[in-house]
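Residue numbers (the working numbering), protein chains in the order written: chain L, 1 to 333; chain E, 334 to 757.
Hints are computed from structural coordinates only; laboratory data are not their basis. A portion of the hints provided could be inaccurate.
Quick look at which bits of chain E chain L covers, simulated, 3 or more residues with Cβ under 8 angstroms [to be verified]:
1. 589–601
2. 646–660
Some but not every residue of chain E turned toward chain L, in silico, with C-beta under 7 angstroms [stated by the list, open to error]:
3. Thr529
4. Phe605
5. Asn608
We treat Cβ as the ideally placed atom computed from N, Cα and C, and that holds for glycine.
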Amino acid sequence: MFEQQDPNLIQLNSAGQLKHFLTTEGLSREMLTEILDTADSFVDMSAQQVKKVPLLRGKTVVNLFFEASTRTASTFELAAKRLSADVLNLNIKTSSTSKGETLKDTLMTMEAMHSDMFIVRHSDSGAAHYIASNVTPHVAVINAGDGRHAHPTQAMLDMLTIRQHKGGFEHLTVAIVGDILHSRVARSQIHALRTLGAREIRVIGPTTLLPRHIEALGVTVYTDMCQGLKDVDVVMMLRLQKERMQSALLPSESEFYSLYGLTEEKLKLTHPDSIVMHPGPINRGVEIETSVADGPKSMILKQVTNGIAVRMAVMSMAMGGQMTDHQAERESE
Amino acid sequence: MNIAIRNGRVIDPANHLDQITDLFICAGKIAAVGEPPAAFMADQEIDATNLVVSPGLIDLCANLREPGYSRKGTIASETAAAAAGGITTLCMPPLTRPIADNTAVIDLIEDLAKQAGNARVLPMGALTQELKGEQLSPMYGLSKAGCIGFTNAREPIHSSLTLARCLEYAATHDLLVIFQPQDADLAAGGTMHDDTTCTRLGLSGIPESAETIEVARCLLLIEQTGVRAHFGQLSCERSVKMVMDARERGLPVTADIAIQNLLLTDENVSGFDPNFHLIPPLRSQLDRAGLRHALVADGFQAICSDHQPHELAAKQAPFAATEPGMTGLETLLSLSLMLVQQELISLPQMLAKLTTGPARVLNVDLGTLTPGSSADICIFDPEQEWVLTQENRRSAGANTPFMGFPLKGVVRYTLFEGNVVFQQ
Chain L
1 MFEQQDPNLI QLNSAGQLKH FLTTEGLSRE MLTEILDTAD SFVDMSAQQV KKVPLLRGKT
61 VVNLFFEAST RTASTFELAA KRLSADVLNL NIKTSSTSKG ETLKDTLMTM EAMHSDMFIV
121 RHSDSGAAHY IASNVTPHVA VINAGDGRHA HPTQAMLDML TIRQHKGGFE HLTVAIVGDI
181 LHSRVARSQI HALRTLGARE IRVIGPTTLL PRHIEALGVT VYTDMCQGLK DVDVVMMLRL
241 QKERMQSALL PSESEFYSLY GLTEEKLKLT HPDSIVMHPG PINRGVEIET SVADGPKSMI
301 LKQVTNGIAV RMAVMSMAMG GQMTDHQAER ESE
Chain E
334 MNIAIRNGRV IDPANHLDQI TDLFICAGKI AAVGEPPAAF MADQEIDATN LVVSPGLIDL
394 CANLREPGYS RKGTIASETA AAAAGGITTL CMPPLTRPIA DNTAVIDLIE DLAKQAGNAR
454 VLPMGALTQE LKGEQLSPMY GLSKAGCIGF TNAREPIHSS LTLARCLEYA ATHDLLVIFQ
514 PQDADLAAGG TMHDDTTCTR LGLSGIPESA ETIEVARCLL LIEQTGVRAH FGQLSCERSV
574 KMVMDARERG LPVTADIAIQ NLLLTDENVS GFDPNFHLIP PLRSQLDRAG LRHALVADGF
634 QAICSDHQPH ELAAKQAPFA ATEPGMTGLE TLLSLSLMLV QQELISLPQM LAKLTTGPAR
694 VLNVDLGTLT PGSSADICIF DPEQEWVLTQ ENRRSAGANT PFMGFPLKGV VRYTLFEGNV
754 VFQQ
């Protein structure tokens, strides 16, 4: 009965350019490809002597991390610095919110400091949408992970890694393995892979770690890893949190490893040219065998390098989208 | 004060009355329908031409937030909202602070309601002390103090033995027990119906079984104890079917559905709008269809608002971090009229779910225009359009997805015990 607008449209400005990056869902294939192309250009740049470009010079980027993170926070910081932005890192978990300040108050304080971009990580699904729809105009919001909902920069760095090694997506069968239920990475990967045209997306895990009706997102469900890995081109492993054992979702790490751990043996079932990915940090001997993690098919460190390029890409694109909007408003005044 | 209400379409579902006629009120009671009583002199005339004259509405679940949560609403503010919505009787869950498990709280609620004078407030008492699910509340004393029934709201009673004893004790004194069924473990951490939308948004789900398992447990213990029982705000098709089956087997059980569950589904949550964060959650399209089917089949007795006003800050956060619930007193009639506009049920059938139906659930002599009964009356224009806005709302809470939504059905007069408590 409500004529609901696509909630993911708030990511785009009036010209259809990116102005926030909250989720891979609802973005066009052209937009995702543009992100990958832009990221590619930054990958080349990282190899050069001078690694900085002035795209965000004079802009203030605030890292708002309401949930602990080391690698995502540091790659965002590095990406912002390579774009010549001023960066403020706030680990809110240990600051204001523990004193009872609401999210809205924290945001208003940050806005009063004339920030231009918020990089947000929060334990609640939808937090990035909430912030994007409540910030003052011209502040770009980049989602660095919200609850179980989305982690779009992680998904795009994965896409970049796949494209570098496989050339494209149309002919690919991709398997996502492990704790799908609690994974924002898996959800963002699924949306991105679908939009980019992957031939088949499989999710593999025990029923306790699969969200209800996940097949509605356009994936095939396998509870048997050996069947699920057959002839796949890309294996994307997920991190297993230790607390899953306590909440009666799994009996033990060793049983999980024997059923869903990626071993050399299981890897033989995949396509001969397959690659292996993991968002990190990895649990050796829980999700993945050490020799696989360090083996020739592993893209794990490549993913980290690509992470900086992808984050530079979405930050510069979102800032560009905000500025186009700003300019259009000025001209119409 | 003598009031004559002239030329309205008088609908009294209890008496199968639906005709254009006059209604006469004398000393707070309905004096006559049709012909005035002998020597009747009206002090006030109300012209109800083209308007519907119905018994005042009865809402089986409205949280008025006082005592304890006056930042969300007060008995004065929320009963004023009720009057504006044509509601003259409200049942209030014991979720106050302190919990309504002692006569002092019940007395306070009744005093505040009397002072406000907008509507009749029927408090529900806590089924267990402090709603902790451990010890019986003093139900007999509370019923003497005015409690209409007893509920543990959605607080768990983990021990089935304790629950059985609560029901046995209530049955001893022929008291009504009201269930808002939800298995606390299955619902733990959940914020919406566990289905595709929930999976996509990455929110924690409340599965159907969180409701149906508790309904099943309660039904078996109702059968064992013979207590009079009511199920409030069922959200799943299967739970309604279970209650309907139990009734057919002769169990003394009734049920109500919140109007939002008859109109909306979990897909409405897709934009993370906290106004759709409700407990019980909005369920699937199939559940909504099942509830609507049960409405047509007369499978439940009442429609309620499940009114839960909040202060602004309670909804200013990411979806899961917001407090659940929506305000509903001012929109209950208009939203229920949608069921008539959608040709699901007739206007008298709809009004029955808001008057005689809930009156029978509570076993009270209200919700009718039978001469001699309390002059609680709602006079409304079923066709007139209106919009609920920040400016015209009377509830302290603005938390409803229907804010700014075009609605049909405007309350013109509300009479409570023969006094005009609202008019526009």
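Hint-by-hint comparison with the structure:
Requiring three or more residues with a Cβ within less than 8 angstroms of a Cβ of chain L, the coverage given for the segment 589–601 of chain E holds, as 3 such residues are present. Residues of the segment 646–660 of chain E with a Cβ under 8 angstroms from some Cβ of chain L number 7, which satisfies the need for three, so the listed coverage holds. For Thr529(E), the shortest C-beta to C-beta distance to chain L is roughly 4 angstroms, which falls under 7 angstroms, so the interface hint holds. Hint status for Phe605(E): holds, given a least beta-carbon distance of 4 angstroms to chain L, under 7 angstroms.
Here the hint on Asn608(E) is broken, as its CB sits about 10 angstroms from the closest CB of chain L, past 7 angstroms.
Of the hints listed earlier, the one the structure fails to meet is number 5.
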